[in-house]
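Residue numbers (this note's numbering), protein chains in the order written: chain Z, 1 to 331; chain B, 1 to 292; chain D, 1 to 257.
These aren't lab readings, by the way, just hints derived from the structure by calculation. Accuracy of the hints is not assured; some may be wrong.
[To be verified] Listed below are the simulated DSS-like cross-link pairs for lysine-lysine, each with C-alpha atoms no more than 27 Å apart in a straight line:
id: 1; chain 1: D; residue 1: Lys145; chain 2: B; residue 2: Lys172
id: 2; chain 1: D; residue 1: Lys196; chain 2: B; residue 2: Lys172
id: 3; chain 1: D; residue 1: Lys145; chain 2: B; residue 2: Lys4
id: 4; chain 1: B; residue 1: Lys172; chain 2: D; residue 2: Lys131
id: 5; chain 1: D; residue 1: Lys145; chain 2: B; residue 2: Lys9
id: 6; chain 1: B; residue 1: Lys87; chain 2: D; residue 2: Lys69
id: 7; chain 1: D; residue 1: Lys86; chain 2: D; residue 2: Lys123
id: 8; chain 1: B; residue 1: Lys172; chain 2: D; residue 2: Lys83
id: 9; chain 1: B; residue 1: Lys14; chain 2: Z; residue 2: Lys115
id: 10; chain 1: Z; residue 1: Lys113; chain 2: B; residue 2: Lys14
id: 11; chain 1: B; residue 1: Lys193; chain 2: D; residue 2: Lys130
id: 12; chain 1: D; residue 1: Lys69; chain 2: B; residue 2: Lys193
id: 13; chain 1: D; residue 1: Lys145; chain 2: B; residue 2: Lys193
id: 14; chain 1: D; residue 1: Lys83; chain 2: B; residue 2: Lys193
id: 15; chain 1: D; residue 1: Lys83; chain 2: D; residue 2: Lys145
id: 16; chain 1: B; residue 1: Lys193; chain 2: D; residue 2: Lys131
id: 17; chain 1: B; residue 1: Lys193; chain 2: D; residue 2: Lys123
id: 18; chain 1: D; residue 1: Lys30; chain 2: B; residue 2: Lys193
id: 19; chain 1: B; residue 1: Lys9; chain 2: Z; residue 2: Lys115
id: 20; chain 1: D; residue 1: Lys86; chain 2: D; residue 2: Lys69
id: 21; chain 1: Z; residue 1: Lys113; chain 2: B; residue 2: Lys9
id: 22; chain 1: D; residue 1: Lys167; chain 2: D; residue 2: Lys225
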Amino acid sequence: MLPLVMLGVTFFLFFLTQRLSPEMRASLYIQDPRQMDSLEEVIEKYGLNDPMPVQYFRWLKGAVKGDLGYSESANMPVTSAIKAYLPATVQLAVAAIILVVLFGVWLGIISAKYKDGLADNMIRFFVLAGFSLPIFVLGLILLMIFYGKLGWFAPGEYSFTADMIIHGANFKSYTGFLLIDSLLNLNFYVFFDVLKHLVLPAVTLCIGSFALMVRVMRSSMLEELNKDYVRSARARGLSDFKVIYEHAGLNAMIPVVTLAGIQFIRLLGGTVIVETVFDYPGIGRWGVECAQQLDIAGVMGFSLMVAVLFVLGNLAADILYTAIDPRIRLK
Amino acid sequence: MSIKDIISKAFGSKNAIAGLIIVVFFALIALFAPILAPSSGRDAYQMPQGGYSIEPQAPNAQHYFGTTENQYDLYYGIVWGSRMAFKVGITVVFFALLIGIIIGGAAGFAGGWTDEILMRLTDIIFAVPSMVLAMVIAAMLGRDLDNMMIALTVVSWPSYARLVRGGVLSVKEREFVLAARALGASSLRIFLKHIMPNAIYPVVIMASLDIGYIVLTAASLSFLGLGSPVGTADWGQLVALSRNWILGGHGNPFAYWYTIAVPGGALLLFVLAWNLLGDAFRDILDTSSRKA
Amino acid sequence: MSELLRAENIAKSYVAGGAFGGGERIAVLKNINFSFNSGESFGLLGPSGCGKSTLARLMLALERPDSGKIFIEGEDIFSLNSKELKAFRRKVQPVFQDPYSSLNPRMTVSDILAEPFIVHGEKYRQSDLKKLLRQVGLGESSLRKYPSEFSGGQRQRIAIARALALKPKLIIADEPLSSLDVSVQAQILNLLADIKEEYGLSLVFISHDLALCKFLCSKAAVMHKGEIAELGEVEDVLLRPKSEAAQTLLQAVLPLN
């Protein structure tokens with residue numbers, strides 16, 4: 001299934017690139033910008049005027065070997081660009097999904113507990129408003145307040161000082177994830193600096209995802225609260241807090257876990273805008289730059305990578321779902 | 001449940017009524033745009049430029065909402081932007097729905113290999129987040145309003161196709177379809193008269209409510225500079241024009257608040273209204289399909 | 001009297017589960033043989049899941065059997081060309097169990113009743129539709145209404161009117177009463193008896209209720225797990241059942257009588 005879908009995606013995108021001139025498509029095949037000096041040669045060598053299917057299979061053969069061309073907007077080969085930008089995006093998406101789950105579950109529980117009351121209605125309204133708020137508008141407003149006015153959080157991935165440290169001789173890169181690397185280097189300054197820069201983009205990214213999370217948690221919680229075991233727990237005189245958070249809450253979390261998986265994947269689409277607004281050097285911002293500058297190798301590599309992440313993520317969510325829901329496992 | 005029941009039930013909720021009022025408000029603005037903001041140029045969607053100064057102007061008697069950088073009038077942009085929003089939303093929903101109905105209907109009715117192939121086609125589109133795919137398609141087609149709408153249509157039809165297919169599959173087994181077959185009605189007649197009218201109307205309602213989401217995606221593309229051409233009255237583009245001014249100036253961080261608040265507010269209100277409507281209808285359509 | 005319908009060695013099975021093969025084949029019908037004459041009515045009895053409805057679909061040529069043949073007036077209904085099939089459709093019409101599902105909710109009664117004529121390229125007038133309605137005991141004002149504006153019993157009347165439009169020789173009624181209120185059941189039962197008389201048509205009456213069957217039918221078969229367990233005159237089947245399946249079915253309804 002996965003290979004078939006990937007073939008379809010790449011074929012479709014490759015088909016689109018055919019609208020562009022061979023000169024623009026040459027970057028798909030090279031690994032070194034100096035090759036661009038002899039453009040005619042590249043076009044000749046890779047048969048960029050051949051029929052489209054022939055070109056596609058030639059490109060595919062290279063792509064399978066990890067040869068995705070040279071990204072002019074990143075000034076490096078596409079594979080290197082992915083390696084350089086992906087960790088920052090994953091870091092951002094993880095931070096956002098943690099916020100979504102924590103606050104989504106909490107708001108969902110409150111909403112269920114005070115069903116149809118003031119708190120419930122307010123939560124539902126604000127969650128919907130958040131869902132309707134264009135993330136680039138929210139991002140700009142947050143920047144205006146927290147950077148322009150208060151000066152608390154700056155755009156970018158880290159400050160100038162942190163940049164010096166990270167690229168200094170004593171800072172070793174273990175994983176590419178700066179939050180992990182800084183801890184491994186025992187450099188807490190960098191850790192907190194990176195964390196601080198993560199706040200605004202993560203908040204912006206997650207705001208649109210609350211709607212579904214709160215709704216699912218709320219209905220799941222309501223269902224759970226109506227079950228016999230919750231009633232008997234209450235009858236035994238357990239406190240509301242204990243009943244809600246320890247008994248019903250944990251069971252109501254089952255659909256939330258699945259949803260979190262799916263939301264995590266969806267956040268990837270949002271990173272495109274959030275990273276652009278906050279000038280955050282992740283894969284999304286790179287993708288936008290590629291699209292804006294018609295960096296074809298970059299566009300292909302970017303969408304290919306997003307598609308792989310997306311499909312794998314959905315697969316993982318499915319597996320997770322069957323793993324935690326006993327009702328499905330039994331079937 | 002009949003359409004009448006659904007509509008009367010949906011508007012039992014205050015949220016839905018609020019949504020409807022706002023949508024109607026924007027629709028009126030869109031409808032009367034030529035009167036509210038008369039244009040002098042040939043293309044009314046192209047915003048007139050009142051000078052070449054970079055710095056935005058605060059709201060004043062001449063420019064009710066102020067101007068953006070490069071002196072595009074925000075009032076004009078908001079008014080014609082409403083019209084643009086409806087134009088983009090309705091066009092994209094119409095064509096995406098049309099394709100979705102044809103492909104989903106064919107897949108559900110024919111079944112077998114036709115179904116398999118058409119559904120794998122939707123899988124391919126679903127394999128990339130719609131925002132990313134729309135961005136890539138729009139970029140490769142070139143910065144142009146029509147191309148943006150094509151990109152949005154390409155990423156929108158698969159979900160309608162799947163919904164229509166599901167509807168067709170469930171209607172196909174109903175006894176009135178068997179009765180029509182027993183009468184000797186042709187496949188085409190059964191499909192057009194019996195299956196489609198019963199399979200598509202929830203999808204049509206859902207799709208119309210997607211106008212808000214479509215406009216939001218379109219605005220995102222324009223914000224990234226991959227949507228409408230420079231100077232088009234388009235809320236996303238107006239927001240993009242505020243990017244250089246959000247840090248303020250003259251010692252006041254909020255000096256240019258209107259450059260973001262005006263177009264951002266219009267966009268938020270528009271999308272929120274559709275979501276309020278959509279929420280009410282989705283609740284009802286969900287429960288009614290569960291009962292059926 | 002001439003023979004109207006004959007079923008010979010009908011067998012039918014479905015593949016359960018697994019859309020890509022590998023599923024188990026489940027036999028729904030095995031070795032079905034019966035026949036009846038024009039003007040006669042035939043009762044098909046049995047508990048739910050015994051294959052009655054599948055047999056009904058086969059008799060309507062909506063599905064094909066794995067093996068075996070069904071003859072209507074001597075013609076094998078599974079080897080008809082499209083023209084012959086259309087002629088067959090005029091002869092045999094269904095009335096289904098659930099009148100909430102058997103009428104297209106988006107068509108008016110007028111559209112529903114006109115459809116048989118349109119499909120067969122026959123001219124019709126409003127008066128023809130009104131006459132059909134009168135025959136099933138509904139007023140002319142019903143023509144403009146939609147199915148949702150009628151009760152279950154009224155809907156079943158509309159379904160019967162639709163079946164009558166082409167003046168069929170055989171109506172296959174698959175549990176036509178079981179989704180109706182008891183008070184309405186008797187009315188529809190009487191209606192079926194009346195039209196049977198008036199049109200001189202045959203009825204295959206599928207039911208799990210032996211008493212109803214006795215009222216309408218002269219012959220009956222009791223089905224059990226896809227096979228005919230008992231076949232004969234309705235009196236014999238009802239009063240002197242030989243098979244265990246027929247006895248069980250009979251006992252199940254006895255306390256009610």
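How the hints compare with the structure:
Straight-line distance between C-alpha atoms of Lys145/D and Lys172/B comes to about 24 Å, which keeps the hinted pair within the 27 Å bound. Straight-line distance between C-alpha atoms of Lys196/D and Lys172/B comes to about 31 Å, which puts the hinted pair past the 27 Å bound. Distance restraint check for Lys145/D and Lys4/B: the Cα-Cα separation of roughly 15 Å lies within the 27 Å cut-off, and the hinted pair is therefore satisfied. This hinted pair does not check out: Lys172/B and Lys131/D have alpha carbons roughly 31 Å apart, beyond 27 Å.
Between Lys145/D and Lys9/B the CA atoms are separated by roughly 22 Å; this keeps the pair inside 27 Å, and the hint holds. Among the hinted pairs, Lys87/B with Lys69/D is inconsistent with the structure: their alpha-carbon atoms are about 60 Å apart, more than 27 Å. Taking the CA atoms of Lys86/D and Lys123/D, the gap is near 16 Å; set against the 27 Å cutoff, the hint holds. Restraint check for Lys172/B and Lys83/D: the C-alpha separation of about 24 Å stays at or below 27 Å, so the hint holds.
Proximity of Lys14/B to Lys115/Z is assessed by CA-CA distance (about 17 Å); at most 27 Å being required, the pair is judged to hold. Of the pairs offered as hints, the one joining Lys113/Z and Lys14/B holds, with about 22 Å between alpha carbons and a cut-off of 27 Å not exceeded. For the proposed pair Lys193/B and Lys130/D, the alpha carbon gap of about 22 Å is at most 27 Å, so the pair holds. As the CA atoms of Lys69/D and Lys193/B are separated by approximately 32 Å, the hinted pair breaks the 27 Å bound.
Distance check on the hinted pair: Lys145/D and Lys193/B sit about 17 Å apart at the alpha-carbon level, within 27 Å; holds. For the proposed pair Lys83/D and Lys193/B, the alpha carbon gap of about 22 Å is at most 27 Å, so the pair holds. At roughly 34 Å between alpha-carbon atoms, Lys83/D and Lys145/D are farther apart than 27 Å, so this suggested pair is violated. Proximity of Lys193/B to Lys131/D is assessed by CA-CA distance (about 24 Å); at most 27 Å being required, the pair is judged to hold.
For the hint pairing Lys193/B with Lys123/D, the CA-to-CA distance comes to about 20 Å; that is within 27 Å, so the pair holds. Taken as a hint, the Lys30/D and Lys193/B pair is broken in the structure, with Cα atoms around 36 Å apart against an allowance of 27 Å. With a CA separation close to 20 Å, the supplied pair Lys9/B and Lys115/Z stays within the 27 Å bound. Only pairs whose Cα atoms come within 27 Å are accepted, and Lys86/D paired with Lys69/D is accepted, the gap being roughly 18 Å.
Proximity of Lys113/Z to Lys9/B is assessed by CA-CA distance (about 26 Å); at most 27 Å being required, the pair is judged to hold. Using a Cα cut-off of 27 Å, the hinted pair Lys167/D and Lys225/D is violated, with the two alpha carbons roughly 34 Å apart.
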